[in-house]
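2 protein chains.
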Amino acid sequence: MELTKTSWQERYRATQIFTIRCKINDNPSTLAAITQAISKTGAHVHATTAVGIEDADIIHDIRIFCTSKAVCDEAVAAVKAAVKNAQILSVLDEVLEIHRRGTIEMKSRAPIRSLTDLRMIYTPGVADACKAIERDPAVAWDMTGICDRVAIVTNGTAVLGLGDIGILASLPVMEGKAAIFAEFTGISAVPVLVESKDVDTVVNTVLRTAASYGAIQLEDIAAPECFEIEEKLRDRLNIPVFHDDQHGTATVVLAAMINALKKVGKRIEDCSAIMIGAGAAGYAITMALLKFGIKDVTVYDSFGPIYRGRTNKMNKYKEHLAKMTNKNNEQGSLQDGFKGKDIFIGVARPKMVSKEMIAAMNKNSIVLPLSNPIGEIDVADALAAGAAIAADGRTINNALAYPALFRGALDVKAEDITFEMQLACAKTLASLAADGDLLPDVLDRNVHKEAAVAVAAAWKKS
Amino acid sequence: MELTKTSWQERYRATQIFTIRCKINDNPSTLAAITQAISKTGAHVHATTAVGIEDADIIHDIRIFCTSKAVCDEAVAAVKAAVKNAQILSVLDEVLEIHRRGTIEMKSRAPIRSLTDLRMIYTPGVADACKAIERDPAVAWDMTGICDRVAIVTNGTAVLGLGDIGILASLPVMEGKAAIFAEFTGISAVPVLVESKDVDTVVNTVLRTAASYGAIQLEDIAAPECFEIEEKLRDRLNIPVFHDDQHGTATVVLAAMINALKKVGKRIEDCSAIMIGAGAAGYAITMALLKFGIKDVTVYDSFGPIYRGRTNKMNKYKEHLAKMTNKNNEQGSLQDGFKGKDIFIGVARPKMVSKEMIAAMNKNSIVLPLSNPIGEIDVADALAAGAAIAADGRTINNALAYPALFRGALDVKAEDITFEMQLACAKTLASLAADGDLLPDVLDRNVHKEAAVAVAAAWKKS
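Line by line, the protein sequences are chains A and B.
Counted from 1, the first sequence has number 108 at position 108 by our numbering; the numbering is strictly sequential.
Counted from 1, the second sequence has number 343 at position 343 by our numbering; the numbering is strictly sequential.
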């Protein structure tokens, strides 16, 4: 029982997209020959477009999905072999092309077409807006973009599954998150790269530049520094501070869990869980599951289970986990850890979980191997090994949660994004999933809107 | 000889714009009665639009220019008195309305309509862009928005003519500048509010967050801290750092000066000048005039002329001015300072210069009273007192310079904005002015484009 969407793209799982621009004879059968040739390689044709005509030739853009650059090279060779005189004009890496010059841009909300426009937006008119704020600082919320503006703050120490690649290499992720904010909820997000691994330096830099934002999203900051940075900023700012790798992920996991439990007919109170990963996501998901009502969860990090009395590679957050989880104080192997569990959640490393481990779980098990871009176990393998439900990071996507959480918080000028707001978001997401799906369509703008309304209502209620 | 554009708006000089929404009888003569009534007050009708119909009534938006809110109240009363049963539904302050929720917004450069879009902009595709930058950090210039992104940094200590109103109240100005950047040159500018008056704190905060920007614009930072902050940042960053209040203003003044000198048939080398104001703009304009070739300029601050040997209220920048200017070491009154001068430039306080002072200048004098929003002397008064050319801040607008300076610098990945680039910008602006005008139309996108090309060429030449 595969609950993930089986769109062709997810089926093929291709992560690379190339466009082959080729000049061929303007003969209707030539394009057929090209697509035929490509179909015999590992590449899949996504789209073809005639982009130009030159005398007897026609220029086609053939967009293909590939699992690697090598597959694209294969496709190019196949086109050359199949079509006489085909000229390959260029091969573009579309992923890099979409990131060229960045995926976001700042725009003026009003056109500046007349001197009147200019004099209202800029001097001398703007002085009226300044003076209104000087008289009453609370006016700034309405009289500037603060009400829609979020800082996406990173120090580049835990970027995607790539690790500590530095702030510069992390920027495409921050821009991508900002593009999603803009498209899904109209939030204006600004990447803020802070060049420091020191907790207090990051905190102080954010504090000193926080005035123009209505909320702060922390992103891709390594544990355990991320916990301290978030704690200190939350203490000292009266706007929401939210580490997405923690709470965004936890919110989407909760949403999926609500539907998964319904599907398998279990109650969270009765479930036992094994969690692999005690970093930002693992810690936050565990805390969220506990608040959601789970009684029995054991967390593994790369050194084994976290238990009371463990002394190796602990920190104050793992001590807290040891206190709150692992009710039987299990100290066995990872293989042992799966035995008799109802739920597995992985936020650790690709392909580290075996079919045997899944097979050792209880009947009707829920398996969420979320490491990115490749899960701890293949979804199909998990299902084959007996999981009732399996879904990975392609389904459990935090782009479903963070836009609505921030939109909802900003809409009611919330000073925090609380667990209650996350739970309201998760419940709304769960309720909007199509029959048989764990989660709704991330592209459906109405999903984000409804979730944001629920988040805002949860703040007002508290 | 008034060289400024005589658009009705500049003639009326109204700085406030209101929209009166009123419901009136749907009788063609009623609108005529309303505009007639308003015309007898101090308000000027800018536009009327029928925005709704209700049974026998029609709802009109009457947009008026006023010199104050009191004039608007007058107009509202006049409408009520002139039209029986006229219902005033609302009176909107349009300047505040245009700043409501801010004048800028971050947008996605590509639509996110399919899972493929999402997977290219965000995970897993984005990892390719990250890895490309990790391998070669220089790639970040092309593979992110850095090439188009400028930080507009302020600490709110010298905002417009309003002074030290703080970072929050300064935000509408920073947003307005960003809106102009976006509209005129496609630059993505981000307001960065730094909560500190300490030079090193501001410098360190900017240094730690500079990685995602292609250039830094400093804005509305008080002298003399602005000089130190700029110097330190220029020393430590390999991207342009440019204090607009200094160099943007100086660039536009140079452009106007080129045309003004041509008009009066004088050479800069032969001119003597009096400058009032030794803050950011005054200092930078003086330095620019010296580089441009002037031999005789005396600078006044609020304590009198700056001269060699003065001990009161000096700092190292004023010491430098004392060394470089005031060749006769004049120590007299402001009135004395105007005698026999060819050029007056004011960047100080409204209405501090008298007709008598202007009358004491040489024949064919050039008078630029630039204090904002009201000049040191009224342009009409200056002309009446004998100035050959007079123009104030409405004409000498730095929105003509900074967009092109940054666009040109970013286009060639310049590491600095040099005086040569400013001069190239000024010369191009001067060359594009219509006959009789000092400067070209700030709304003409082609002006910004051509100036940016000249700026880029000047960097490449150096």
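No wet-lab data here; the hints were simulated from the structure.
Please note that a few of the clues may not be correct.
Treat identical chains as interchangeable: a pair holds within one or across any two.
Listed below are the simulated PhoX-like cross-link pairs for lysine-lysine, each with C-alpha atoms no more than 20 Å apart in a straight line [stated by the list, open to error]:
| id | residue 1 | residue 2 |
| --- | --- | --- |
| 1 | K291 | K327 |
| 2 | K84 | K339 |
| 3 | K40 | K69 |
| 4 | K80 | K23 |
| 5 | K107 | K449 |
| 6 | K351 | K291 |
| 7 | K351 | K339 |
A quick note: this is a predicted structure, and the numbers were derived from the prediction, not measured.
So, going through the hints one by one against the coordinates:
no., hint, verdict
1, K291 / K327, "within (16 Å within a copy, 77 Å between copies)"
2, K84 / K339, "neither (60 Å within a copy, 85 Å between copies)"
3, K40 / K69, "within (16 Å within a copy, 75 Å between copies)"
4, K80 / K23, "within (11 Å within a copy, 72 Å between copies)"
5, K107 / K449, "between (23 Å within a copy, 18 Å between copies)"
6, K351 / K291, "neither (29 Å within a copy, 67 Å between copies)"
7, K351 / K339, "within (19 Å within a copy, 85 Å between copies)"
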